[in-house]
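Asks: Could you slot chain B onto chain A? The hints should help.
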Amino acid sequence: MSKMHVKMKVNGKEVEGLAEPRTLLIHFLREDLRITGPHIGCETSHCGACTVDMDGKSVKACTVFVGQAQGADITTVEGLVNPDGSLGVIQEMFREHHGLQCGYCTPGMITRAHRLLQENPNPTEEEVRFGLAGNLCRCTGYQNIVKSVLAAADMMNAQKEAAE
Amino acid sequence: MIPAGFEYHRPADIPSALAILQQHGDEARVVAGGHSLIPMMKLRMTFLTHLVDLQDIDLMRGIDIAGGTVTLGAMTTQHELITHDGLAQTLPILREAAHQIADPQVRYMGTVGGNVANGDPGNDMPGLMQCLNAEYELQGPEGTRNVAAREFYEAAYFTARSDEEILTKIRIPVPAAGTGYAYEKQKRKIGDYATAASGVLLRVEGGTCTEASIAMTNLADTPILAVAAGEALVGSTLDDAARAAAVAAAVDAIDPAADNRGPIEFKKHTAGVILRRAIDRAAERAG
Numbered sequence: 264m265s266k267m268h269v270k271m272k273v274n275g276k277e278v279e280g281l282a283e284p285r286t287l288l289i290h291f292l293r294e295d296l297r298i299t300g301p302h303i304g305c306e307t308s309h310c311g312a313c314t315v316d317m318d319g320k321s322v323k324a325c326t327v328f329v330g331q332a333q334g335a336d337i338t339t340v341e342g343l344v345n346p347d348g349s350l351g352v353i354q355e356m357f358r359e360h361h362g363l364q365c366g367y368c369t370p371g372m373i374t375r376a377h378r379l380l381q382e383n384p385n386p387t388e389e390e391v392r393f394g395l396a397g398n399l400c401r402c403t404g405y406q407n408i409v410k411s412v413l414a415a416a417d418m419m420n421a422q423k424e425a426a427e
Numbered sequence: 013m014i015p016a017g018f019e020y021h022r023p024a025d026i027p028s029a030l031a032i033l034q035q036h037g038d039e040a041r042v043v044a045g046g047h048s049l050i051p052m053m054k055l056r057m058t059f060l061t062h063l064v065d066l067q068d069i070d071l072m073r074g075i076d077i078a079g080g081t082v083t084l085g086a087m088t089t090q091h092e093l094i095t096h097d098g099l100a101q102t103l104p105i106l107r108e109a110a111h112q113i114a115d116p117q118v119r120y121m122g123t124v125g126g127n128v129a130n131g132d133p134g135n136d137m138p139g140l141m142q143c144l145n146a147e148y149e150l151q152g153p154e155g156t157r158n159v160a161a162r163e164f165y166e167a168a169y170f171t172a173r174s175d176e177e178i179l180t181k182i183r184i185p186v187p188a189a190g191t192g193y194a195y196e197k198q199k200r201k202i203g204d205y206a207t208a209a210s211g212v213l214l215r216v217e218g219g220t221c222t223e224a225s226i227a228m229t230n231l232a233d234t235p236i237l238a239v240a241a242g243e244a245l246v247g248s249t250l251d252d253a254a255r256a257a258a259v260a261a262a263v264d265a266i267d268p269a270a271d272n273r274g275p276i277e278f279k280k281h282t283a284g285v286i287l288r289r290a291i292d293r294a295a296e297r298a299g
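Protein sequences, first through last, are from chains A and B. Read left to right, the first sequence gives residues 264 to 427 (my numbering). Read left to right, the second sequence gives residues 13 to 299 (my numbering).
A couple of the hints might just be wrong.
[What the hints assert, rightly or not] According to the in silico footprint, chain B covers these stretches of chain A (three or more CB under 8 angstroms from chain B): (1) 307–313; (2) 328–336.
[What the hints assert, rightly or not] One side only, chain A facing chain B, incomplete, derived with CB under 7 angstroms: (3) G280; (4) L281; (5) P284; (6) K320; (7) S321; (8) R392; (9) G394; (10) A396; (11) R401.
Worth flagging that the hints you see were computed from the coordinates, not collected in a lab. Glycine included, each C-beta is placed from N, C-alpha and C at the ideal position.
Just chain A, with the same shape it has in the complex (with noise of 0.2 angstroms):
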C-alpha cells in the first residue's frame, strides 16, 4: 500500500510525514513525530492511556487512522504545560495530590481531565469519575486522580477570577 502525505499540528506545531493509511494515530505521534507522551496501554480501546484532545475532542490515538487526522489540531501531555515550560496546572496538582503512582496512565488521565475542565468548569467528584470513565489506573484506586482534578478545576477557576 502506498503512503500519504499527513499533515496535522500537533501541540501548536505544524508537522507532516507520510504514512501507510493503516497507521494509527497512537504510532504515528510516538514512532514517527517522537512525541511519546501519550502511552500504548491496552491498544484495544479500552484503558485510555494513549488520550489525545483533537479538535477539542477526547480520543483514544490508538483507535483512530492517521487518516482520520488529517489536518487536525491535536494536543498530548506535552502540550498542557506552561509557556515556559514549568508543569500546567493539571499537572501539577496530580504532581502535588500524588494522582499517580507508576503513571503509566497518566498522561492519559491529564490530557482527559483538561478536555473534562474545559467543558465543565466546575464539576462534582460525581462528573469527574464519570468523565474520566474511559481512563483506567490499576495503581491508585483513583481516589487522588479524583482529587487532582478538582483540585486542579478550583485553581484554574481562582486564576481566572484573579485575571478579571
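Replies: Leaving out everything else, chain B in the frame of chain A:
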C-alpha cells in the same frame, strides 16, 4: 494490533462516496467514528481494501428539530446527542441512552449512524430507534429510500441496507408532550455492551395508559420490539399486575444466547428486572 493494509478515501459528498462503493463493491466499507470497525480491523476479524471516511460530508451532520420530527445526520456523535440543548428538551431519552454507551472518549467519536447501521446486537441505538419508531434514510446508486427501524434488522450484522448504500439520516417522530420515557441498561462495567437493556415510552391520559412502546437490546440477534409487552400496558392504569404482565410478555419475546455475560436464564432474569425498572421510571415521568 496493526490492521492489514488498505486505501484511505475521504470523499467530500455523498455521490463521490457512492461512486467509491460501487467501484470496489464489498472490498470497500464506509467509516463514521470507527469505534466498532477499527477494533475489528485491528483484530483482523474484518478485512477491507478501501476505507471510505465520511467525516467531510456536511449533509450527514447536524441535528434538526422541526414539524414534530427530530432529524439526526448519521454522523452525529453520541457526545453531540448528550450536549445538544434542543434534544434534551424534545427527546431526552436519546441523552439518557447515549450516556450509557461506552465511555467519554468513545462517545466523542462514535456516531448514531454507525451505531444503528452496523447491525451489532450489542449496540443500544437500534433498540431505542425501534422503541421510538424512527426511520432511516438510505442513499444508494438507485436513489434514496427510507426504511423503518422496526423493519431494518434481519440478523446479527445483516440489515436492510445493501453494500452500496449509505445510511445518511435518522428521522424520529417526537413523542406527544408528557410521554414518559426511560432507557435502562445493565452492564458489567463502563464501556461494556448490555447484559440486558430496554427502552420504554409510555403515554398516560386520565390515569390510563394509552400508548406504550417497548424494545429490548442485546437479548436476541436483533433488537426486539416487544409488541405484546406494550399491549399488556395499554388500557391499564399501570397497576402492578399490568407491569408484571408486560415484563412476562417481553421475557417471552426475547431469545438471548449464553455467552461471557451469563447463561440464558440469567439474561432472561436480568431482562425482566431491567424492563421493570424502565417501566417504573417511565411511568413516574408520564403525565
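Asks: Taking the hints in turn, state whether each one holds.
Replies: Okay, the hints, checked on the actual structure:
1. Evaluation of the coverage hint for the region 307–313 of chain A: fulfilled, as 4 residues show C-beta separations to chain B shorter than 8 angstroms, against a requirement of three.
2. Look at the region 328–336 of chain A against chain B: 4 of its residues bring a Cβ nearer than 8 angstroms to a Cβ of that chain, three or more, so the hint holds.
3. Using the Cβ-Cβ criterion of 7 angstroms, the hint placing G280 of chain A at the interface with chain B is not satisfied: the shortest such distance is roughly 15 angstroms.
4. Taken as an interface hint, L281 of chain A does not check out: its beta carbon lies about 13 angstroms from the nearest beta carbon of chain B, beyond 7 angstroms.
5. Satisfaction of the interface hint for P284 of chain A is found here, the shortest Cβ-Cβ separation to chain B being roughly 4 angstroms, below the 7 angstroms cut-off.
6. Annotation: interface hint on K320 of chain A holds; nearest CB of chain B at approximately 4 angstroms, less than 7 angstroms.
7. Interface restraint check for S321 of chain A: the shortest CB-CB distance to chain B comes to about 5 angstroms, inside 7 angstroms, so the restraint holds.
8. Interface restraint check: R392 of chain A against chain B, minimum CB-CB distance 10 angstroms, threshold 7 angstroms, status violated.
9. Using the Cβ-Cβ criterion of 7 angstroms, the hint placing G394 of chain A at the interface with chain B is satisfied: the shortest such distance is roughly 6 angstroms.
10. Using the Cβ-Cβ criterion of 7 angstroms, the hint placing A396 of chain A at the interface with chain B is satisfied: the shortest such distance is roughly 4 angstroms.
11. Against a cut-off of 7 angstroms between C-beta atoms, the interface hint on R401 of chain A is violated, since the closest Cβ of chain B lies about 14 angstroms away.
The structure fails to meet hints 3, 4, 8 and 11 from the earlier list, while all remaining hints are met.
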